[in-house]
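Chain residues, written in single-letter form:
There are 4 protein chains.
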Amino acid sequence: MEILYLITTGGTIDKVYLERTGSVANLDTKIDRYLCKLRLPGLAIKTAHIMNKDSLEMTAADRERVLRMVERKIQRPAPVVITHGTDTLVETGLLLKRRLHGLKFPVVLTGAMTPLGFEKSDGLQNLTESLLAARLLPPGVYLVIHSQVFPIDHVRKDRKHARFVWTPPLTKGARRKTTLTRRP
Amino acid sequence: MEILYLITTGGTIDKVYLERTGSVANLDTKIDRYLCKLRLPGLAIKTAHIMNKDSLEMTAADRERVLRMVERKIQRPAPVVITHGTDTLVETGLLLKRRLHGLKFPVVLTGAMTPLGFEKSDGLQNLTESLLAARLLPPGVYLVIHSQVFPIDHVRKDRKHARFVWTPPLTKGARRKTTLTRRP
Amino acid sequence: MEILYLITTGGTIDKVYLERTGSVANLDTKIDRYLCKLRLPGLAIKTAHIMNKDSLEMTAADRERVLRMVERKIQRPAPVVITHGTDTLVETGLLLKRRLHGLKFPVVLTGAMTPLGFEKSDGLQNLTESLLAARLLPPGVYLVIHSQVFPIDHVRKDRKHARFVWTPPLTKGARRKTTLTRRP
Amino acid sequence: MEILYLITTGGTIDKVYLERTGSVANLDTKIDRYLCKLRLPGLAIKTAHIMNKDSLEMTAADRERVLRMVERKIQRPAPVVITHGTDTLVETGLLLKRRLHGLKFPVVLTGAMTPLGFEKSDGLQNLTESLLAARLLPPGVYLVIHSQVFPIDHVRKDRKHARFVWTPPLTKGARRKTTLTRRP
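Chains as they are written, first to last, in this note's numbering: chain S, 1475 to 1658; chain A, 1475 to 1658; chain U, 1475 to 1658; chain Z, 1475 to 1658.
Extracted from the complex, chain S is given alone in its bound form (with noise of 0.2 Å):
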């Protein structure tokens, strides 16, 4: 069986809906619910939840207990996917990268636009391409979101079209060459 760690610390992607006040928020997590639609023959998920945030409320603290808990969980070396709010994801993932030195495997960091089992939600994708791409990059710290790549210093939230892009833009020959994830 092959390992892997997956991080949960809240974000939309783990929001449900409340009845009593009409509104979203980050009760518990429900990712091992949607794990459990995956069909994943010879991984071994070891799932550690650690935090209930909406990403814009964490704190320099927060992000250190995730950084910490990925240090010891790759102690015994595997790939590692988080799940993590997108308004502060990135902030996060720099932190990681600058921290975390000699990396085996890749650290993978998704989320989603829309919570997890509402209509239209991007949740299950995210984290469908999160696993798979954990196993497939080479080591180093990226988002993964909408079937696209990110070296976690390459992207940005465009919050306006609720997406994310690379930065600096892509000039049109240049993407083949930025996109160091095609030929690692």
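It cannot be assumed that every hint is accurate.
One copy or any two copies: either way a pair holds, since identical chains are not told apart in the list.
To be verified - With a straight-line Cα cutoff of 25 Å, these simulated SDA-like cross-link-like pairs (lysine to any residue) come out:
id, residue 1, residue 2
1, 1631, 1512
2, 1634, 1517
3, 1527, 1570
4, 1511, 1494
5, 1504, 1594
6, 1594, 1493
7, 1631, 1494
8, 1571, 1493
9, 1631, 1493
10, 1578, 1625
11, 1578, 1521
12, 1547, 1636
13, 1631, 1538
14, 1527, 1593
15, 1631, 1517
Since the hints were derived computationally from the structure, they do not count as laboratory data.
Assemble chains A, U and Z onto chain S, guided by the hints.
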């Protein structure tokens, strides 16, 4: 926009339930209906639906048609995903591997154990994974299914367990070396 | 709490897709799994799963078993819902009508054209309707399906169009009169 | 074809998730999209979408608009279903009951605790039940929800438990008598 060619041939992934007969069959493709559920910014999928066959009924001539369609498409090089019945998917894939030379992008075959839209279907998972893998893998012919990537000449269907397995079987230490796809 | 008896016999509504054979069959009941999706406060459903049959394979003895189970249940009077294959549902219903006397609550038969959980299934719709109808209708034996209520001796299956129709056919002015269920 | 009027006013049943703000709101109606999932042979639904309001924001003038639309529709008599926020649904229903005279068909109000298309939503269940109840019940104004039928002047929302309850509370022996809808 990146281009990706999607060639559909039928197979379980595309089967529908027929109310008059109480059976499932390949009538027409429904993959476009499920592709719409995915967010694929920056990706232009060019779909070619070439046949509606259970892969047990595919003839040598049918496999030649698949080959010719791939050859025609990649005159303008881009990744290719082919949906195919799982029973003879490897056979078609081996033909492609033998006959396609100088590939600049991967050709990914995929399928499903249960049709798209049926409870517990693996169809959308496999489609999601294949689209991403086709953008990440080095040139070659692969089967992508159940969060796994197999070079087409190292896989066989394990019908009893409704999954695909490595051939020859992986010995314990050999895993990472055999997974050519980890570090192409 | 109100009581309602639910008797399951198989039929299309309960069929599953078998990956090994690529066909659909009655293996076990999955109705409980779908009942959980409904909110039924104040209702205690007592389920009895008595057989797993395509209704074309039901024998006279099988129909007697259904009858005996209903008789046994309604010793403590309450509404009854029976899920059944649509091909011989009317036959079983007519037997119940002939043999059950002094009903204090309705007996509602229902089924589906496409199995529960398959795309475009009418199974959960019919189940939802039947549970409500069984609490609203006057005593008698009915088919409830596709937002329609038919007294069991005024309906036949129109296989070609995958629906049930009145027998004798309704003439235009006759509708309200024939729909005994509008104003019991 | 039987006719049924469907009037939509907004409410939780029709809310959507807004990706930019991470909140839910009434933007437009999505009920047509869910009606398509139901099989309704012989039924012609005439839909009028008159407002997009959380029912806590509905004014007296809004309720008058609902009333006038019902009055206009039933000039050609047929059953009416109204989707409405649950918080003031009963208030609107009581207005309809006071002001509509000589009803020839029922007026059924319904709504949902969780929006249509969100995991665990009761929206499609309530819509399915309301369409059937509107064809079965005697003339009058009702709330139909969660497999229950309440005359509009015998029900109140129990916000804490996200359900509706009888008012006055049913005493044990009184149930069947109060449920006017069992034997109209």
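Inset, instruction - Measure nothing new, just compare the shortest in-copy and cross-copy C-alpha distances for residue 1631 and residue 1494 to 25 Å and report within, between, both or neither. - result: Only across copies: residue 1631 and residue 1494 sit 12 Å apart there, 31 Å inside one copy, limit 25 Å.
Legend entry - Up to 25 Å CA-CA - residue 1493 versus residue 1571, copy category: Answer is neither; intra-copy 39 Å and inter-copy 28 Å both fail.
Inset, instruction - Please work out whether the CA atoms of residue 1594 and residue 1493 approach to 25 Å or closer within one copy, between two copies, in both situations, or in neither? - result: both (20 Å within a copy, 11 Å between copies)
Legend entry - Intra- versus inter-subunit Cα pairing at 25 Å for residue 1547 with residue 1636: Neither, since 31 Å and 32 Å both go past 25 Å.
Inset, instruction - Check residue 1504 against residue 1594 for me: Cα-Cα at most 25 Å, and say if that holds within a copy, between copies, both or neither. - result: both (17 Å within a copy, 13 Å between copies)
Legend entry - Within, between, both or neither: residue 1511, residue 1494 at alpha-carbon 25 Å: between (28 Å within a copy, 19 Å between copies)
Legend entry - Within, between, both or neither, where residue 1578 and residue 1625 count as close if Cα-Cα is 25 Å or less: both (16 Å within a copy, 23 Å between copies)
Inset, instruction - Using 25 Å as the alpha carbon limit, work out where residue 1631 and residue 1538 are close: within a copy, between copies, both or neither. - result: within (22 Å within a copy, 45 Å between copies)
Inset, instruction - Indicate which option fits the pair residue 1527, residue 1570 if close means a Cα-Cα distance not exceeding 25 Å: within, between, both or neither. - result: within (18 Å within a copy, 45 Å between copies)
Legend entry - Intra- versus inter-copy proximity for residue 1521 and residue 1578 (alpha-carbon distance at most 25 Å): within (19 Å within a copy, 38 Å between copies)
Legend entry - Intra- versus inter-subunit Cα pairing at 25 Å for residue 1631 with residue 1517: This pair counts as between: shortest inter-copy Cα distance 18 Å, intra-copy 31 Å.
Legend entry - Homo-oligomer pair classification [residue 1593, residue 1527; C-alpha up to 25 Å]: both (22 Å within a copy, 20 Å between copies)
Hints 8, 12 from the list above are not met by this structure, while the remaining hints are.
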